[in-house]
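Could you build all of it, start to finish, from the sequences and the hints given here?
With UniProt numbering, the residue at position 254 of the sequence shown is 254, and numbering never jumps.
Simulated from the structure, these hints should not be mistaken for lab results.
Just so we're clear, the structure is a prediction, and the values are computed from it rather than from any experiment.
Treat the hints with caution; some may be incorrect.
[Unchecked claim] Using 25 Å as the maximum straight-line C-alpha spacing, the simulated SDA-like pairs for lysine to any residue come out as follows:
no.	residue 1	residue 2
1	Lys50	Val233
2	Lys271	Leu192
3	Lys339	Phe364
4	Lys239	Arg252
5	Lys339	Ser363
6	Lys193	Pro16
7	Lys50	Glu132
8	Lys125	Leu60
9	Lys271	Arg252
10	Lys50	Thr110
11	Lys50	Val68
12	Lys19	Leu192
13	Lys50	Ser245
14	Lys284	Thr274
15	Lys50	Pro16
16	Lys361	His275
17	Lys284	Asn273
18	Lys339	Ser245
19	Lys50	Gly67
20	Lys345	Ala288
21	Lys271	Ser293
22	Lys339	Gln282
23	Lys193	Ile17
24	Lys277	Gln102
25	Lys239	Leu183
26	Lys19	Ser245
27	Lys19	Gln169
28	Lys345	Ala289
29	Lys50	Ser238
30	Lys125	Thr137
31	Lys239	Pro16
[Stated by the list, open to error] Have a look at the derived ranges for each label pair, beta carbon to beta carbon:
no.	residue 1	residue 2	range
32	Gln276	Gln49	38 to 44 Å
33	Thr137	Ala281	33 to 39 Å
34	Gly124	Ala281	54 to 60 Å
35	Ser204	Ser293	25 to 31 Å
36	Ser143	Thr112	29 to 35 Å
37	Arg335	Gln133	53 to 59 Å
The beta-carbon is built from N, C-alpha and C at its ideal position, and this holds for glycine as well.
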Amino acid sequence: MAKNITSDPPKAHKGPIQKDLIFLRHTFVLCLDRSHEGFDQDYAKSQGQKLPNSAIKDALVICLDIGVNCHTFAKQSDYQIGLSILDTRHLQSLNSDEKLFQTRHFCVGTETYFLTKCRSFYFGKSEHTTHEQVCSTLETMISGRDIVLVVYRSHQMFQDLRLANIQLQPLYIINAQKAAQHLLDLESRCSLKTLLTRLNCPSSPEMLHNAGNNAKFTLQASLLIAALDASQVLNLESKTTALISTLETTARAQIPLNDFPSKIKSEAKEKRNTHQKELKAQIKEQQAALARSLAALAGESRCQKCQGEDPTTSRCRHKGPGVHTRKSMICRARRAREKLENLEKLEECEGVRRPRKKAEKKSFYRGELLRFG
1 MAKNITSDPP KAHKGPIQKD LIFLRHTFVL CLDRSHEGFD QDYAKSQGQK
51 LPNSAIKDAL VICLDIGVNC HTFAKQSDYQ IGLSILDTRH LQSLNSDEKL
101 FQTRHFCVGT ETYFLTKCRS FYFGKSEHTT HEQVCSTLET MISGRDIVLV
151 VYRSHQMFQD LRLANIQLQP LYIINAQKAA QHLLDLESRC SLKTLLTRLN
201 CPSSPEMLHN AGNNAKFTLQ ASLLIAALDA SQVLNLESKT TALISTLETT
251 ARAQIPLNDF PSKIKSEAKE KRNTHQKELK AQIKEQQAAL ARSLAALAGE
301 SRCQKCQGED PTTSRCRHKG PGVHTRKSMI CRARRAREKL ENLEKLEECE
351 GVRRPRKKAE KKSFYRGELL RFG
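What follows is the structure, given as structure tokens:
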């Protein structure tokens, strides 16, 4: 009898505060006089410029998510890149706004791959492009600004970006997973879905398999981590409290998740309708070609023994193999034409089901038309 093998649940690894969390505090000036042994606070403070009349970094906080290992770019023809950007200049007004995030979703590869991935992107329209155009777009968006790069799981992604010819010079690289590890007492390796659940950030599991959505959610998670970390300090100033509230409200902005399945269904329906239109155009083209063939072959379907006789004769005077009456020829041609029309109507209503069998039927009835039409 086989034994039931069970494994112990993974143990939490709280450990010391990671530098990722400290960098996150310095980005939004939420250090609040907290020092950490072994960490150079002066280095973090000296990086980049500050906003006018504020200690917040004047920078673009960006998150990049790549749907393929950059070491295999040469072998991968289909992949996706997600980009989400938060401009800290928009935080000066301390006014929460759902449009603080600018999120893009790029698909590189075939049309089929693009149509598959674009359906699940929720925060805009996906862009079917090339890798060179992605690099050019990113360079234009961050030109002249300091940046803080947010990643998930591994700093190795920064090296991967270089291999992918995406050149960035960030002030800090913040691993959102490590930044939350001490604060939330998480396991050393935690999925994005688990992190969003712990932070009470609205999301849907169906949305977490898209690079554009992942980049946006990772950036939202980093804001919530910064706000939650700062809220644990007592006797906060009103200005700091307002900033924390803005970060929380912005990151937890309600997403109409109920609309997400309907969005996917509507896009699938649109794709199906487009395919049916293309199919109808192909059928019309085939019908036109068939009509031209019938016109060219007029008279060839008569009795093999009376070629050249009057085609209006209702009955052939010959008998035997290869001999057909004019009436039976007309009936068989009409039946073949009706069968073809019925098949086309079924395709319009039901889509292409059992395409091989339908193609065989169409080929048979077109042959009947060529022979008896």
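Verification of the hints:
Proximity of lysine 50 to valine 233 is assessed by CA-CA distance (about 23 Å); at most 25 Å being required, the pair is judged to hold. For the hint pairing lysine 271 with leucine 192, the CA-to-CA distance comes to about 30 Å; that exceeds 25 Å, so the pair is violated. With a C-alpha separation of about 10 Å, the suggested pairing of lysine 339 with phenylalanine 364 holds against the 25 Å cut-off. Only pairs whose Cα atoms come within 25 Å are accepted, and lysine 239 paired with arginine 252 is accepted, the gap being roughly 20 Å.
In summary, the hint linking lysine 339 to serine 363 is supported, as the alpha carbons are separated by about 11 Å, within the 25 Å threshold. Using a Cα cut-off of 25 Å, the hinted pair lysine 193 and proline 16 holds, with the two alpha carbons roughly 23 Å apart. Using a Cα cut-off of 25 Å, the hinted pair lysine 50 and glutamate 132 is violated, with the two alpha carbons roughly 32 Å apart. For the hint linking lysine 125 to leucine 60, the alpha-carbon distance of about 22 Å falls within 25 Å, and the restraint holds.
The straight-line distance between the Cα atoms of lysine 271 and arginine 252 is roughly 32 Å, outside the 25 Å bound, and the hint therefore fails. Taken as a hint, the lysine 50 and threonine 110 pair is broken in the structure, with Cα atoms around 43 Å apart against an allowance of 25 Å. For the hint linking lysine 50 to valine 68, the alpha-carbon distance of about 35 Å lies beyond 25 Å, and the restraint is violated. The hinted pair formed by lysine 19 and leucine 192 meets the criterion: a straight-line CA distance of about 20 Å does not exceed 25 Å.
A distance of roughly 21 Å separates the Cα atoms of lysine 50 and serine 245; the hinted pair therefore holds under the 25 Å criterion. At roughly 16 Å between alpha-carbon atoms, lysine 284 and threonine 274 fall within 25 Å of each other, so this suggested pair holds. In summary, the hint linking lysine 50 to proline 16 is not supported, as the alpha carbons are separated by about 28 Å, beyond the 25 Å threshold. Distance hint between lysine 361 and histidine 275 is fulfilled; the C-alpha atoms sit about 21 Å from each other, no more than 25 Å.
Between lysine 284 and asparagine 273 the alpha-carbon distance is near 17 Å, which keeps this suggested pair within the 25 Å criterion. Proximity of lysine 339 to serine 245 is assessed by CA-CA distance (about 68 Å); at most 25 Å being required, the pair is judged violated. Pair hint lysine 50 plus glycine 67 does not hold up; C-alpha atoms about 33 Å apart against a cutoff of 25 Å. A threshold of 25 Å between alpha carbons decides the hint, and for lysine 345 with alanine 288 the separation of about 17 Å falls inside it, so the pair holds.
Note on lysine 271 and serine 293: the hinted pairing is violated, with a Cα-Cα distance of about 33 Å set against a maximum of 25 Å. Among the hinted pairs, lysine 339 with glutamine 282 is consistent with the structure: their alpha-carbon atoms are about 18 Å apart, no more than 25 Å. With a C-alpha separation of about 22 Å, the suggested pairing of lysine 193 with isoleucine 17 holds against the 25 Å cut-off. Our distance criterion of 25 Å between C-alpha atoms is broken by lysine 277 and glutamine 102, whose separation comes to about 35 Å.
Between lysine 239 and leucine 183, the direct Cα distance comes to roughly 23 Å. Compliance with the 25 Å bound is thereby established for this hinted pair. At most 25 Å may separate the alpha-carbon atoms for a hinted pair to count; lysine 19 and serine 245 meet this at roughly 24 Å. Between lysine 19 and glutamine 169 the CA atoms are separated by roughly 18 Å; this keeps the pair inside 25 Å, and the hint holds. Straight-line distance between C-alpha atoms of lysine 345 and alanine 289 comes to about 19 Å, which keeps the hinted pair within the 25 Å bound.
In summary, the hint linking lysine 50 to serine 238 is supported, as the alpha carbons are separated by about 20 Å, within the 25 Å threshold. Between the alpha carbons of lysine 125 and threonine 137 the distance comes to roughly 15 Å, so the proposed pair stays at or under 25 Å and holds. This hinted pair does not check out: lysine 239 and proline 16 have alpha carbons roughly 29 Å apart, beyond 25 Å. For glutamine 276 paired with glutamine 49, a C-beta distance near 56 Å fails the hint of 38 to 44 Å.
Distance hint check: the CB atoms of threonine 137 and alanine 281 are about 34 Å apart, consistent with the given range 33 to 39 Å. Roughly 31 Å separates the CB atoms of glycine 124 and alanine 281, a value that falls outside the hinted 54 to 60 Å. At about 54 Å, the beta-carbon gap between serine 204 and serine 293 misses the expected band of 25 to 31 Å. Between serine 143 and threonine 112 the Cβ separation comes to about 34 Å, which falls inside the hinted range of 29 to 35 Å.
The beta-carbon spacing between arginine 335 and glutamine 133, approximately 55 Å, falls within the hinted interval of 53 to 59 Å.
In the structure shown, a violation is registered for the earlier hints numbered 2, 7, 9, 10, 11, 15, 18, 19, 21, 24, 31, 32, 34, 35, in ascending order.
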